[in-house]
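Kindly generate the complete structure, drawing on both the sequences and the hints.
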Amino acid sequence: MPAAVEVVNVTRRFGAVQALAGIDLEVQQGEFFGLLGPNGAGKTTLISVLAGLIRADTGSARILGHDVIADYRAARRALGVVPQELVFDPFFTVRETLEIQSGYFGIRDNAAWIDELLHHLDLGSKANANMRSLSGGMKRRVLVGQALVHKPPVIVLDEPTAGVDVELRQSLWAFIRKLNRDGHTIILTTHYLEEAEALCGRIAMLKAGKVVALDTTHNLLSRFAGLTVRLVADRIPALWQPRVLRQEGGASFIGLDRHAELEGLLAALRTERIAIGELALQETDLEYVFLKIMGAPEAATAPMVMRR
Amino acid sequence: MTPAVGSGWRTLLYKELLRFWKVAFQTILAPVLTSLLYLLIFSHVLENNVSVFDGKVRYTAFLVPGLVMMSVLQNAFANSSSSLIQSKITGNLIFVLLPPLSPANLFAAYVVGAMVRGLVVGLGVFIVTLFFVPSLLSMPHPFWALAFALLGSAILATLGLIAGIWAEKFDQLSAFQNFIIMPFTFLSGVFYSIHTLPPFWQQLSRFNPFFYMIDGFRYGFFGLSDVPPFTSLVIVAACCLLLSLLTLSLLRRGWKLRR
Chain A
1 MPAAVEVVNV TRRFGAVQAL AGIDLEVQQG EFFGLLGPNG AGKTTLISVL
51 AGLIRADTGS ARILGHDVIA DYRAARRALG VVPQELVFDP FFTVRETLEI
101 QSGYFGIRDN AAWIDELLHH LDLGSKANAN MRSLSGGMKR RVLVGQALVH
151 KPPVIVLDEP TAGVDVELRQ SLWAFIRKLN RDGHTIILTT HYLEEAEALC
201 GRIAMLKAGK VVALDTTHNL LSRFAGLTVR LVADRIPALW QPRVLRQEGG
251 ASFIGLDRHA ELEGLLAALR TERIAIGELA LQETDLEYVF LKIMGAPEAA
301 TAPMVMRR
Chain B
1 MTPAVGSGWR TLLYKELLRF WKVAFQTILA PVLTSLLYLL IFSHVLENNV
51 SVFDGKVRYT AFLVPGLVMM SVLQNAFANS SSSLIQSKIT GNLIFVLLPP
101 LSPANLFAAY VVGAMVRGLV VGLGVFIVTL FFVPSLLSMP HPFWALAFAL
151 LGSAILATLG LIAGIWAEKF DQLSAFQNFI IMPFTFLSGV FYSIHTLPPF
201 WQQLSRFNPF FYMIDGFRYG FFGLSDVPPF TSLVIVAACC LLLSLLTLSL
251 LRRGWKLRR
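So the protein sequences, as listed, match chains A and B. To convert, note that position 243 of the first sequence is 243 in this note's numbering; the numbers rise steadily by one, no gaps. To convert, note that position 48 of the second sequence is 48 in this note's numbering; the numbers rise steadily by one, no gaps.
Treat the hints loosely; a few may be bogus.
[To be verified] No more than 27 Å apart at the CA atoms, straight line, and that leaves these computed lysine-lysine pairs for DSSO-like: (1) Lys56/B - Lys169/B; (2) Lys88/B - Lys256/B; (3) Lys88/B - Lys126/A; (4) Lys22/B - Lys88/B; (5) Lys178/A - Lys126/A; (6) Lys22/B - Lys169/B; (7) Lys139/A - Lys151/A; (8) Lys22/B - Lys126/A; (9) Lys292/A - Lys210/A; (10) Lys139/A - Lys56/B; (11) Lys151/A - Lys126/A; (12) Lys169/B - Lys139/A; (13) Lys139/A - Lys88/B; (14) Lys178/A - Lys151/A; (15) Lys178/A - Lys210/A; (16) Lys126/A - Lys139/A; (17) Lys88/B - Lys151/A; (18) Lys88/B - Lys169/B.
[Claimed, not checked] With the Cβ distance kept under 10 Å, some of the chain A side facing chain B (calculated, not the full set): (19) Arg12; (20) Ser48; (21) Ala51; (22) Leu53; (23) Tyr72; (24) Arg73; (25) Ala74; (26) Ala75; (27) Arg77; (28) Val81; (29) Gly106; (30) Gln146.
[Unchecked claim] A partial selection of chain B residues facing chain A, derived with a Cβ cut-off under 7 Å: (31) Ser7; (32) Gly8; (33) Arg19; (34) Gly91; (35) Pro99.
No lab work stands behind these hints: they were computed from the structure. The structure displayed is predicted, hence computed values, not measured ones. Where is the CB? At the ideal position from N, CA and C, for every residue including glycine.
And the structure:
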């Protein structure tokens with residue numbers, strides 16, 4: 001059984017920027033796979049190589065065993081891509097958009113599946129509305145529909161929930177999960193680490209065009225069996241300031257490697273006579289792992305969001 | 001039921017046709033009106049002052065095939081070029097790049113779509129001008145006219161494809177249109193027979209492929225032309241072939257489309 005996606009030593013340079021610096025990656029059929037990394041890590045470039053939108057300088061990529069250049073027809077038939085940009089063709093209605101996209105794949109008489117897509121994406125009432133009249137979230141869902149219109153076995157979603165409100169996000173994920181249960185391979189990039197943690201069985205982390213971590217989500221979480229302290233205080237002890245992962249709503253989140261380290265933090269607070277407003281301990285989450293792997297200085301500026 | 005699987009190019013062609021049909025007022029009616037204005041003004045001013053083909057043809061009648069062909073050419077160019085640049089600027093070109101459409105599929109769909117727009121506008125202009133010069137309906141060589149209309153629209157559709165892929169902004173596209181397409185069309189004998197030109201300009205006109213398109217097209221209407229129609233046909237067909245091969249090779253390399 002060929003891998004859903006196989007990437008071998010793919011490099012790509014844009015002028016002075018080495019966007020991809022030798023990526024090796026294999027995603028098996030049926031996986032729910034996460035591709036994470038800060039902006040500029042190369043996620044979208046890698047997806048574009050898979051989709052044939054960008055050509056690799058060296059190396060090769062295959063979708064279900066079909067080379068994306070030499071056998072591009074079979075490769076593209078097997079792949080559905082939800083692009084990151086919110087693009088649409090203002091000349092057409094939602095249904096026309098889906099019918100046309102279906103036709104590009106050579107599939108006509110696709111009305112039954114298009115109706116099902118419209119239903120699952122909650123677009124039924126907008127089927128005959130012009131694309132221009134849709135809200136951002138609806139346009140995003142049409143993009144998902146366009147990617148699925150030819151029932152691709154491998155589905156790549158590049159930031160699919162950006163700009164989609166919470167309720168719709170839930171129904172979108174329910175649908176994607178169903179597709180995954182039905183045997184579709186899902187590859188996801190997202191800025192919401194919480195989503196990746198909840199959905200992805202395996203995760204690759206990219207940094208500066210390289211894979212810096214590749215493991216099951218479970219292993220990644222247990223590899224850093226650490227803790228996060230949520231602390232509300234007037235200030236943070238000077239020695240502990242570099243350990244602050246993020247600040248949110250007046251609280252500081254401090255990463256600990258072991259429970260024993262808590263002793264030191266409390267001691268520092270006592271010594272510097274800092275009053276504790278609130279203190280809570282949290283298990284390791286993917287964000288902690290992500291920040292650890294990406295390295296604090298860069299990750300501090302990385303626009304990854306954790307919604308709690 | 002398994003949906004029927006065919007080639008995607010027909011859908012892309014359908015989309016290209018639907019695109020201009022949905023705004024037909026602007027893409028068909030407007031250019032027909034423009035050509036009508038040219039006809040009214042130029043024929044009014046020049047009818048009694050310009051002699052063409054040694055006076056065998058009235059100037060207004062002479063002008064009509066030129067205007068028809070000019071409409072065909074300009075609209076064929078406008079269709080493929082504006083479709084592409086719009087798709088590039090709005091980003092929805094990705095919908096065409098993700099499916100398994102081959103370079104030949106893309107080429108065929110964009111070019112045929114643009115040819116249809118050019119020919120429809122040309123036909124519209126022809127029908128309207130028949131009210132002024134009904135005698136034109138009895139063409140001696142309609143198939144010659146058709147051959148030149150097809151080849152001419154194909155050439156301009158292909159040029160539009162190249163310009164649309166090349167241009168990154170609307171003003172680059174309009175530069176292409178204003179500095180290349182317009183001069184070549186206007187200086188090709190739409191409004192005059194090149195025999196009325198000084199020798200130097202006559203010679204120069206012979207290097208303009210647009211001249212052969214219009215001269216050959218006009219032969220279909222009058223059985224008269226500045227150069228033998230077969231010569232024009234060979235030159236125009238050769239241009240069409242060369243441009244098509246060039247464009248196909250650009251598409252194969254993914255020039256400006258697949259980085």
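Let me make sure I understand: some of the numbered hints might not hold for this structure. Which ones are they, in numerical order? 1, 10 and 15
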